[in-house]
Amino acid sequence: MGMFTAVNTSSSGLTAQRLRMDVISNNIANANTTRTTDGGPYRRRRAIMMPSDTRVKYKLPFLPHKFRPLVGQGVRVLRIEEDKAPFRLTYDPTHPDAIKTGERKGYVQMPNVNIVTEMVDIISASRSYEANVAMVDHAKSIFNKALEIGA
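Each step along the sequence shown adds one to the number in numbering that gives the first Met the number 0, with nothing skipped, and position 150 is 149.
Hints were generated in silico from the structure; no laboratory data involved. Keep in mind that the hints are not guaranteed to be accurate.
Restraint ranges, calculated between C-beta atoms of paired labels, are given here [claimed, not checked]:
id	residue 1	residue 2	range
1	Gly149	Thr36	52 to 60 angstroms
2	Ala133	Ile27	21 to 29 angstroms
3	Lys144	Thr89	20 to 28 angstroms
4	Leu88	Ile141	16 to 24 angstroms
We put the beta carbon where it would ideally sit given N, CA and C, even for glycine.
Model the full structure from these sequences, guided by the hints.
What follows is the structure, given as structure tokens:
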């Protein structure tokens, strides 16, 4: 395990959790969007993460060139996917996007975003981000102590 492994692992977590918070923030911002460019209500999105593959060389900060083959710890965002859960139906016949005919007449299809779920997810992402920041800070203090020993 190299000196920069902890920092690189934490930096991958910081990047992934930041993207996750951005996706969650977008979900919250569009919780009442009934019409998108695709023509329907907004669909909730979520970031799918996976462990970094040891065979793939990532360009991570703070990694000297000679340590590049050791890269592989950490996490990366595999993709951002839409949640296929059904839309919520709200009765509002005056809404411009209300269904005009059929047994659902007067109902509006609302996004499949649950604010409580999104708030729990954003707290989880925020705590993970904070843990990675703390790890970087601890690694820096270990580096400084090692330098003091050598001086």
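Next item on the list: Of all the hints given earlier, name the ones this structure violates by number, lowest first.
Entry: Result: hints 3, 4 break, sorted rising.
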